[in-house]
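Those sequence lines, one after another, are chains F and X. Quick note on full-length UniProt numbering: the first sequence kicks off at 1 and runs consecutively. Quick note on full-length UniProt numbering: the second sequence kicks off at 1 and runs consecutively.
Everything labelled a hint here was simulated from the structure, so no lab data went into it. Accuracy of the hints is not assured; some may be wrong.
[To be verified] Every beta carbon over 12 angstroms from chain F, so not counted as near; a handful from chain X, in silico: (1) G181; (2) D208; (3) S244; (4) G263; (5) A273; (6) P295; (7) L302; (8) E303.
[Claimed, not checked] Which chain X residues face chain F? A few, computed with CB under 7 angstroms, are given here: (9) L63; (10) A79; (11) I85; (12) A90; (13) L92; (14) E93; (15) S96; (16) A114; (17) G115.
Even for Gly, the Cβ is constructed at its ideal location relative to N, Cα and C.
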Amino acid sequence: MTSLVRSELLKIRTTNTWWVFGLLALPLWGLTFLINYFQSQALLDPASVGVPESEQNAQFQAAGEHVNVAANLYTNGQFFGVLIVMLLGVIVVTNEFFHQTATTTFLTTPRRTSVVVAKLIAAAVLGVLFWVVTTGLNLILAPLILSSLDVGSQLDQGAIWQAIGLNGLAYLLWSVFGIGFGVLIRSQIGATVTALLTYLAGYIGAIIVLSILADRFGDWINNLQLIVPALASQLMATGTDLPGTPPRWAGAAVMVAYAVLTGTIGTLIVRKRDIS
Amino acid sequence: MSDGRLSPTAGNGQIVVSGLTKHYRNVRAVDNLSFTIEPGRVTGFLGPNGAGKTTTLRMLLNLVTPTAGAATISGIRYADLPDPIRHVGAVLEASSAHKGRTGINHLRVVCAAAGLPKQRADEALALVGLSPAAKRKFKGYSLGMKQRLGIAAAMLGDPKVLILDEPANGLDPEGIRWMRGFLKNLAAEGRTVLVSSHLLSEMQLLADDVVIIAAGKLVRQGRVDEVVGSMAHTTRIRVRTPQSDELVAALAEHDAKVEPGEGGVLLVSGVDAPTVGRAALAAKVELHELTTERPDLEGVFLELTAGKAAIR
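Given these sequences and hints, build the entire structure.
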């Protein structure tokens, strides 16, 4: 299995995919950092940016707690970061069909389950690598931002490290989803577009639909954000449990369940499929 | 190898296909096909387009699941071979490498997955004469170079059995001659070489044995000379003479069948050339040409697969 994972990682290293995606990730990380900087400012001092008193509800106030503002900054980049590792996962699978290398791969290793597992591990390694790099950058810049807002680094708070850890889990799980998408939809373009739409439209659509439903049927509807992967993974990266939202561990549990499901379905499909 | 892996010389290298069948929705791509391929020989796997050659090879290599039947290599199904690419090398598609990856890296990826040392990639590349293009990306390779890279990948594990699907596609005359020598050498070393193709004149030069299929079924299997020889009744004698009528009359006594050919040529069947010569001499007929036209593999193939090559 080690040699198969090494082979999968070599496949990624020997094409330009990884650094193209890295170059793509960097400005997106910068963009979200800028947004989070302004958001932190607004949360810590709502009056200064003109947020009226009436809109400062319990959830808003909780989000404004120092530890939660800090958690948001230390997990900065997740929104686009997990998207990119998911697309990498998609490419790890669909490349095999796009470039017709699946034949060579399965001739070398007829045990197809092993190939899929190696791909899952390789994609997870990539996901974690992206998390390490962004977290490193966050750990350098977030304390500077916080101190400019007269807030301590908060790194002595366990909640911060929990948020960073759960953020890493999110990266890992999204890369696994990417593999699942790639197996389900063999066409590279098809799988990429579907994954993108599911993530972005699912994210925005779910927020809109859930808030409409919550207005109508009550706040308990907000717990349904758990079943939307994009929202569930965001939930994982909040510093403490926010009022009116499901607990973080539930977000993590749902994500793990999704990952196991896509991984299993993907493996079963690859085992049965004719390679031609 | 002492770690229990199959060494390249282990196993007899015999390929046995028995009752292999593959149904796609409405088509029996391969229909109860059985044949045996022996080691130490080059076997041509022939059939018209759509005969089921590629499907058969893919079932043999566990890439396509058979509807029925089985195929073994050295008595073991491909999926059950402990270290498949050390036992079997296969070249299936010309373009089976990532376009942005260099040739040498393509081979290293396979080495890594198979647990072969990295140097095998360099050795295999040298074996097919591709070392100068090692660090060039696959998209910059010519069709012939792509074929050579495919063969290099197949040779990484120094396999006992080699399976190639249309390896001559895209090769120039020099490349085809190289391939012929390369494959004949491998067979001479005792390896099993199975080559699918529809270049029949090339097959006649290359193969020792042939397996001919059409519409998913076996048409003929045997040594090339035997298969061609079995069609000896189609041998014709080409005769050119200014006294056609006299010769036709003379040959009539020998039960020969004479047909007019192009440009005043007579095509005689049912007798051999000496008989025609003697008959002409006895009748004092002047001959300008007397040639035996033996059937070649192409003629035999077309005869055997006639009417079975329809698009299905």
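Are all C-beta atoms of chain F more than 12 angstroms from that of A273(X)? The assertion about A273(X) holds, with a minimum of 49 angstroms to chain F.
Interface hint compliance - A79(X) to chain F, C-beta minimum distance less than 7 angstroms: holds, 4 angstroms
Could you check if S96(X) really has its C-beta closer than 7 angstroms to a C-beta on chain F? Interface hint status for S96(X): holds (5 angstroms vs cutoff 7 angstroms).
Can we trust that G263(X) is non-interface, i.e. its beta-carbon lies farther than 12 angstroms from all of chain F? Label holds. Min Cβ-Cβ 48 angstroms, cutoff 12 angstroms.
Verify this label for me: E303(X) is non-interface relative to chain F, using a Cβ-Cβ cutoff of 12 angstroms. Answer for E303(X): holds, closest chain F Cβ roughly 31 angstroms.
Does D208(X) clear chain F by more than 12 angstroms, comparing its Cβ with all Cβ atoms of that chain? holds, 25 angstroms
Hint status (Cβ of L92(X) to nearest Cβ of chain F, threshold 7 angstroms): holds, 5 angstroms
Does the closest beta carbon of chain F sit nearer than 7 angstroms to the beta carbon of L63(X)? holds, 4 angstroms
Restraint check, 7 angstroms cut-off on beta carbons, for A90(X) near chain F: Cβ of A90(X) sits 6 angstroms from chain F, so the hint holds.
Regarding the assertion that S244(X) does not contact chain F, is the least Cβ-Cβ distance greater than 12 angstroms? holds, 56 angstroms
G181(X) and chain F, when compared Cβ to Cβ, separated by more than 12 angstroms: holds, 25 angstroms
Distance rule for P295(X), whose beta carbon must clear each one in chain F by more than 12 angstroms: holds, 35 angstroms
Checked against the numbered hints listed earlier, the structure breaks none of them; every hint is satisfied.
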